[in-house]
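Trainee: Sequence:
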Amino acid sequence: MLPLRYLAGYPEALQKQVRAAIADDRLAAMLRARYPGTHAVRSDGALYDYTLALKNRFLRNAESPAKVLFDSRLQLTANALGTNGKLARVQGGKIRRKHEIRVASVFKEAPPEFLKMIVVHELAHLKEREHDRAFYQLCSHMEPAYHQLEFDLRLYLTQRELSGLPGA
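Going by UniProt numbering, the letters in the sequence shown line up with residues 1 to 168, in that order.
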């Protein structure tokens, strides 16, 4: 049986449907039909502007990230697709903490919906640290189709892995 590491937490019946789509060579065509385009966010500066625009629209009172960038190392470490951390820096006699968001570089070529889903996910961590109910409610507030996009992203990553593409 084909292991589906990106779909491991989903019910076996759903995994069976995905395996059938893979066996019938329908998965790639379905994803291309549903998500035909790519986005124009190609640089770290453009990603920062994109992220800040979403943050300002939905999280006006949250602290802005100091840095947002694409990171080519993320897909290799613990299957992380994005990270949100605080960097501590000493300035004078005080410690300053600044938020930093890193997005896996695989999203430079991904459909715009998947980039938005990852950025929304990382922005939600500015307010909610844990993946709990409040976190997912905030994600759904910023992107109403969040849960469907998360599932489809898992299908996209599965297809990339099957195709032997880097970053999967």
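Bear in mind the hints are in silico, worked out from the structure with no lab data behind them.
Keep in mind the model is a prediction, meaning the values are calculated, not measured.
Do not take every clue at face value.
To be verified - Under the rule of at most 35 Å between Cα atoms (straight-line distance), these lysine-lysine pairs were calculated in the DSBU-like manner:
#, residue 1, residue 2
1, 127, 67
2, 98, 108
3, 127, 108
4, 67, 16
5, 108, 16
6, 67, 98
7, 98, 127
Trainee: Against this structure, judge whether each hint is valid.
Mentor: How the hints compare with the structure:
no.	hint	verdict
1	127 - 67	17 Å, holds
2	98 - 108	24 Å, holds
3	127 - 108	25 Å, holds
4	67 - 16	41 Å, violated
5	108 - 16	30 Å, holds
6	67 - 98	8 Å, holds
7	98 - 127	14 Å, holds
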